[in-house]
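Peer 1: What follows is the residue order along each chain.
Protein chains: 2
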Amino acid sequence: MTVPYSKRMQGYGSDFIKEMFAAARNPDLISFAGGAPAPELYPLDAFRAASDKAFEEWGRTVMAYDGAEGIMPLREIIANERMPQMGVNVGPEDIRILSGSQQGIDFAARLFIDEGDTIICEYPTYLGALNSFGAFKPSYVSVPMDNQGMLMEELEKTLIANPQAKLLYTVPEFQNPTGITLAADRRKRMVELAEEHDILIIEDSPYYEIRFEGENIPAIKSFDTTGDRVIYLGSFSKTLCPGIRLGWACANFEILDRYRVMKEASDFQASTVTQYQVATFLRDNPLDELLNESRRVYRGRRDAALAAIEEFFPDNVEYTIPQGGYFIWLTVPGVNATEMFLPAVNDIGVAYVPGESFFAAADQSCNFRLSYSQMTEEKIREGISRLAKLLSSA
Amino acid sequence: MTVPYSKRMQGYGSDFIKEMFAAARNPDLISFAGGAPAPELYPLDAFRAASDKAFEEWGRTVMAYDGAEGIMPLREIIANERMPQMGVNVGPEDIRILSGSQQGIDFAARLFIDEGDTIICEYPTYLGALNSFGAFKPSYVSVPMDNQGMLMEELEKTLIANPQAKLLYTVPEFQNPTGITLAADRRKRMVELAEEHDILIIEDSPYYEIRFEGENIPAIKSFDTTGDRVIYLGSFSKTLCPGIRLGWACANFEILDRYRVMKEASDFQASTVTQYQVATFLRDNPLDELLNESRRVYRGRRDAALAAIEEFFPDNVEYTIPQGGYFIWLTVPGVNATEMFLPAVNDIGVAYVPGESFFAAADQSCNFRLSYSQMTEEKIREGISRLAKLLSSA
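Taken in sequence, the protein lines are chains A and B. In this text, residue positions in the first sequence follow the working numbering: the first is 1, and each later residue adds one. In this text, residue positions in the second sequence follow the working numbering: the first is 395, and each later residue adds one.
It is worth saying that the hints were derived from the structure and are not from the lab. Treat the hints with care, since some could be wrong.
With a straight-line cut-off of 16 Å between C-alpha atoms, the simulated EDC-like cross-links for lysine to aspartate or glutamate are [what the hints assert, rightly or not]:
#1 A/K137 x B/D508
#2 A/K7 x B/D511
#3 B/K773 x B/E434
#4 B/K531 x A/D114
#5 A/K7 x B/D439
#6 B/K401 x A/D117
#7 A/K7 x B/E509
#8 B/K401 x A/E115
#9 A/K137 x A/D117
#10 B/K447 x B/D678
#11 B/K531 x B/D511
#12 B/K447 x A/D45
#13 B/K401 x A/D228
#14 B/K551 x B/E590
#15 A/K137 x B/E509
#16 B/K773 x B/D422
#17 B/K447 x A/D52
#18 A/K157 x A/D198
#19 A/K188 x A/E153
#20 A/K53 x B/D446
#21 A/K53 x B/D422
#22 B/K531 x A/E115
A few chain A residues facing chain B, derived, Cβ under 7 Å [claimed, not checked]:
#23 L127
#24 T272
#25 T274
Note that the coordinates shown come from a computational prediction; the quantities given were computed from them, not determined experimentally. Where is the CB? At the ideal position from N, CA and C, for every residue including glycine.
With the rest of the complex left out, here is chain A (with noise of 0.2 Å):
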């Protein structure tokens, strides 16, 4: 038969997150592709601990539907306890759960994107994020960067010359494939811009609290005074475990109450008993000290990383130095990664994302995303080897 699918989904959809998935799974491969925490971190016994006090402490409200909205204990602590370390002082009703902050992207691209509508984003941006845009054919306008961020004046020209641009979506910390992260002073200028050009943000932030160097910089959405202009999307899957998918928005009400209809309509609402478990397991841990347990951990895997990049790549080889999260960017001048990935992971054992997966629109192949996560130091330190010495047999 003719599968009838809609014009939406014609010709969408990548397979390499599915191939990274796999990579990620081959317990041999050293890999820097997958953007996900070190197992070895996850709080465990905390995590199982609180997980059977949630149903001593609930019961049965842990296995029934609650609402769209989100268990309020969760949404409570969010507010209070996560929200103020990005300088941004909301209540519970400010917040709203989410299946991991991936949904408040996919959320967002259904409530606000028409065929052919322009979305603005960095250069490069996250994959995962053009993959919930894509299923709803908008345009794309990006923005370059230096290692401070979007650059602002280049931004105020693509809103000049975009002025139908309904959404601005960016990742201010370490972000998602380059490792770096928008200074205090262009997040405060990004806000005025969209107030401006009457045009949301969408402020997509999983890393924020994975900094190991450098002081905190208050999120974009501190600098929203009139808290229409920025969707907050948070997460619990790097500072806790991605396996429980849990995220979080914080807007204002009436586009909340869209994601709730949005969520009623998705998949009616996160996991009761996963909501509790977290809830149960941040009021009885001290959530930083776990944090800065992983700091401290990506830190010396971050720092293996740049070592071994500046022991064995040639000078002309560029990259990012990220103060937190999981990210380096790497230019290798004349070499294309996209064709190098196979025999990367096939002929050497070492994995890593192509640049070209980052563009909104795809021109660029230099580049390598390598997560230095999940490796140990001496793993890193072998893989960087092993792909420079690959590149320069190329």
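Since chain A is already given, all that's left is putting chain B on it; use the hints.
Peer 2: Coordinates of chain B only, in the frame set by chain A:
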């Protein structure tokens, strides 16, 4: 600011689900509104034990990403133990885990529906499906039912009159909202007609295993000999508990692969934690024992509801007699169930869902969906007696 919603979203979204959730939380209300299982039937202790065991046995795996397909142990249990109950013999490769079967409806809408595309459904049909489909602006064509479900002669006429129709959406067992079950010969005929007229069937089957009277009727999917025609959607929300948000799709590989792409774009995957908890629970506990207890309880409640309707309502009232599931469909000539909703909740403390919510094209108002699943037999009798009094005074 003017929020720049997509055209898709304008005028979209009913607050009714939110209101029902809110009404369901009032413990004094006699609620026939919610379509959820009785909390006292949740296997709290066994599920708590299985949850803990999942951490013990699988360790950090339960907290990690696994992949959009769903964890293999759960897909195996569904393929080997649940689907054969429905007369469907498949392997785990034919199953994809979803965040509830609602997500399976939503993905079907996303995958197949362009604005204006025709969806064929029962008359009346499930509110939540209308909610998912609605975002993609289809047109609906409804097919009337008798007490054996959708009329196949009417379906054939409808298919001939609407050659461009893309999807046929049906809830074949103990339908939400009517409680009606589609007869076996009509299931076979429905697949034949779908083949002849080249249309996909979405078989939404969350109540299948809540049959408390009569013999199981094989799923529509069991008549789908090519395997290409039917997307079967199953759920653990009614058999185990709804707060886990786990369901599944069973379809041909090409469609399942698109479901995977949708899953990655919308929320990556269902909670790994919950999937392992449920897989461990289902391995260690005979679901059929739990189901037998549920069936006993729901049969008692249905009987109480039918007896009370007979006792308190006048003779001109019509009602369905479900052989399973949660719903009785009450027709009270001359009464407007929508207008009566607020007086019923506020003045007599009784909630139901007005029939209007379930019509793809709203034009009837004298129907009440009464769910007997969550009230004791005493409360059912009391609630129906109050409702009859209110109606007679109206």
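Peer 1: Now look at each hint and say whether the structure bears it out.
Peer 2: Evaluated hints:
no.: 1; hint: A/K137 x B/D508; in the structure: holds (12 Å)
no.: 2; hint: A/K7 x B/D511; in the structure: holds (11 Å)
no.: 3; hint: B/K773 x B/E434; in the structure: holds (15 Å)
no.: 4; hint: B/K531 x A/D114; in the structure: holds (12 Å)
no.: 5; hint: A/K7 x B/D439; in the structure: violated (48 Å)
no.: 6; hint: B/K401 x A/D117; in the structure: holds (11 Å)
no.: 7; hint: A/K7 x B/E509; in the structure: holds (10 Å)
no.: 8; hint: B/K401 x A/E115; in the structure: holds (10 Å)
no.: 9; hint: A/K137 x A/D117; in the structure: holds (8 Å)
no.: 10; hint: B/K447 x B/D678; in the structure: holds (10 Å)
no.: 11; hint: B/K531 x B/D511; in the structure: holds (8 Å)
no.: 12; hint: B/K447 x A/D45; in the structure: holds (12 Å)
no.: 13; hint: B/K401 x A/D228; in the structure: violated (20 Å)
no.: 14; hint: B/K551 x B/E590; in the structure: holds (13 Å)
no.: 15; hint: A/K137 x B/E509; in the structure: holds (14 Å)
no.: 16; hint: B/K773 x B/D422; in the structure: holds (11 Å)
no.: 17; hint: B/K447 x A/D52; in the structure: holds (10 Å)
no.: 18; hint: A/K157 x A/D198; in the structure: holds (14 Å)
no.: 19; hint: A/K188 x A/E153; in the structure: holds (13 Å)
no.: 20; hint: A/K53 x B/D446; in the structure: holds (10 Å)
no.: 21; hint: A/K53 x B/D422; in the structure: violated (28 Å)
no.: 22; hint: B/K531 x A/E115; in the structure: holds (14 Å)
no.: 23; hint: L127; in the structure: violated (10 Å)
no.: 24; hint: T272; in the structure: holds (3 Å)
no.: 25; hint: T274; in the structure: holds (5 Å)
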